[in-house]
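Chains as they are written, first to last, in the working numbering: chain A, 1 to 122; chain B, 1 to 367.
What the hints contain is simulated information worked out from the structure, not anything from laboratory work.
Note that this is a predicted model, so its numbers are computed, not measured.
There may be inaccurate statements among the hints.
[Unchecked claim] In silico contact screen, one side only, chain A against chain B (beta carbon under 8 Å); selected entries: (1) D34; (2) V36; (3) F37; (4) D39; (5) P41; (6) V55; (7) E57; (8) V59; (9) K60; (10) A62.
[Unchecked claim] Distance condition first, Cα-Cα at most 27 Å in a straight line; then the derived DSS-like pairs of lysine-lysine: (11) K79/A with K288/B; (12) K41/B with K79/A; (13) K101/A with K3/A.
From the three backbone atoms N, C-alpha and C, an ideal C-beta is built for every residue, glycine too.
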Amino acid sequence: MTKIYFTEDHEWIRVEGETATIGITDYAQEQLGDLVFVDLPDVGAAFAKGDTAVVVESVKAASDVYAPADGEVTAVNDKLSAEPGLVNTAATGDGWLWKMKLSDAGQLDGLMNEAGYKEMIG
Amino acid sequence: MTATETLSRLPLHDLHENAGARFGGFAGWSMPITYPLGVMKEHLHVREKAGLFDISHMKLFAVSGADALRLIGRACPFDPAEMETSQSRLTFFLNEEAGILDDLIVTRLDENRFMIVANAGNAAGDEAHLKALAKGLDVTIEPLDRVFLALQGPEAEAALNRAGIATDGLFFMHGREPKDGWFLSRSGYTGEDGFEIALPEQDARPLAEALVADPAVEWIGLAARDSLRLEAGLCLHGQDISADTTPVAAALLWAIPKPVRETGAFVGAEALRAAIAAGAAQKRVGLKPEGRQPVRGGVALVDEAGNPAGTVTSGGFGPSTGHPVAMGYVDKGLASAGTRLFAEIRGNRVPVAIHPLPFTPHRYFRG
Chain A
1 MTKIYFTEDH
11 EWIRVEGETA
21 TIGITDYAQE
31 QLGDLVFVDL
41 PDVGAAFAKG
51 DTAVVVESVK
61 AASDVYAPAD
71 GEVTAVNDKL
81 SAEPGLVNTA
91 ATGDGWLWKM
101 KLSDAGQLDG
111 LMNEAGYKEM
121 IG
Chain B
1 MTATETLSRL
11 PLHDLHENAG
21 ARFGGFAGWS
31 MPITYPLGVM
41 KEHLHVREKA
51 GLFDISHMKL
61 FAVSGADALR
71 LIGRACPFDP
81 AEMETSQSRL
91 TFFLNEEAGI
101 LDDLIVTRLD
111 ENRFMIVANA
121 GNAAGDEAHL
131 KALAKGLDVT
141 IEPLDRVFLA
151 LQGPEAEAAL
161 NRAGIATDGL
171 FFMHGREPKD
181 GWFLSRSGYT
191 GEDGFEIALP
201 EQDARPLAEA
211 LVADPAVEWI
221 GLAARDSLRL
231 EAGLCLHGQD
241 ISADTTPVAA
251 ALLWAIPKPV
261 RETGAFVGAE
271 ALRAAIAAGA
281 AQKRVGLKPE
291 GRQPVRGGVA
301 LVDEAGNPAG
311 TVTSGGFGPS
321 TGHPVAMGYV
331 DKGLASAGTR
341 LFAEIRGNRV
351 PVAIHPLPFT
361 PHRYFRG
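Okay, chain A solo, but in the shape it has when bound (with noise of 0.2 Å):
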């Protein structure tokens, strides 16, 4: 079964299994505007749940993205480092960041589904 959750910070995490997909809402690339680099962690670095796993440049800024929860990273979306224009144009899909599994799924309680992400972004 697959469940989407989504942050504050404005992460969104696909859960299958105790594997997390991770990437940045379309709401976010779009503050951000156009990304020109991607700066991704090593497959099998470990976060603690607030740690920055990647950053995202724009033309103007860098900005953190945090891991939602514990885990060890096992993926990471290596098409970003040719063409970081995917996060703009494909947020939840193509663009997503890197994948982790999950040491303590039941982190993730107290993040909101989608109805609420839309709620907190107006």
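Chain A is already provided as a structure; the job is to place chain B on it using the hints.
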């Protein structure tokens, strides 16, 4: 940044809102940062066609009177008597330590009349500085209430002509007053040919509307203005130059005529002469990062051995160059083109090479 309500609004704010601008605070003003085109396309549009910028946050001062030459010659490191009518020049207000209080464009309008264009963030300080220097002189300093537009790019002249504004005979770094209350100069801050037009709001609205109705012209925001000026190697006051920077370290001595450097009696003259004699410990340079990762202002630079080598003052991605671009200050011995240094970003060392400025060639119209 302060809340939006406390920021000043541009007189044409509604036009930007209607154009779909995203706003942000800059120097106390709510400024259009980007339009729906996005910073990348806005930037490239200026290089290919023409972009319209609302720079009404910047301040214009008209200086006139029998002692106008004395005041300008005291406030700025050049001799205004040597300027021809309609000629503009880049200059500075320096403090007694030869630190750069502001960088400005001064245009001679007439025998005893000058126009000064100052940066938004320094406008109040500049006015106070000028007024203090004007004490006892027969001179009037008039801050002007104008909309200020910049039209920049290879099609700027044609677009301005189509909008009914004659630009004939105006070369780069020249300005004139085509109508009452107007000031038109051929200058800008993108490295492209272009114009800056100060004019009353009631004239500015129809002109701005006519210009953006032209297929060659798009509104361009502050984000692209920053990437354009950075590629063009132009300094932003408060970031690349400040009251703690002398023109010597900033590699801006070219803006100070040699005889004036040697004998001028402007504010900061002695400190400037001392700085020239001593040489600056660090120098402003262009920096080209290897790879695609931008290197931002504030990032520290180290040499091969890991010793401190300097600091980045401005950095981002150059949409026209297709790679990251930056500028900053490095130790004098490391300032020659090609020298390899490292930027310390989030625990990594990104290689950067000293690169000649500008990153994109200037295309000013010099006649």
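Would you check whether K60/A satisfies its interface hint, that is, whether its CB is within less than 8 Å of any CB in chain B? holds (5 Å)
Agreement of K101/A and K3/A with the hint, judged by alpha carbon distance not exceeding 27 Å: holds (15 Å)
With the threshold set at 27 Å, check whether the alpha-carbon distance from K79/A to K288/B stays at or below it. Satisfied, since the Cα-Cα distance of roughly 24 Å is no more than 27 Å.
Are P41/A and chain B close enough, Cβ to Cβ, to be under 8 Å, as the hint says? Because about 11 Å separates P41/A from the closest Cβ in chain B, which is outside the 8 Å limit, the hint is violated.
Per-residue hint verdict: D39/A, partner chain B, C-beta under 8 Å: holds (7 Å)
Proposed interface contact between E57/A and chain B, which counts if any beta carbon pair is under 8 Å: holds (5 Å)
Would you check whether V55/A satisfies its interface hint, that is, whether its CB is within less than 8 Å of any CB in chain B? holds (7 Å)
Interface hint for A62/A, Cβ within 8 Å of any Cβ on chain B: Where the cut-off is 8 Å and the nearest Cβ of chain B is about 6 Å from A62/A, the hint holds.
Restraint check, 8 Å cut-off on beta carbons, for D34/A near chain B: holds (4 Å)
Please work out if K41/B and K79/A have their alpha carbons no farther apart than 27 Å. holds (22 Å)
Just to be careful: measuring from the Cβ of V59/A to every Cβ in chain B, is the smallest value less than 8 Å? Holds. Min distance 5 Å.
Using 8 Å as the Cβ threshold, decide whether V36/A counts as touching chain B. Holds. Min distance 4 Å.
Going through the hint list in order, the structure does not satisfy hint 5, though it satisfies all others.
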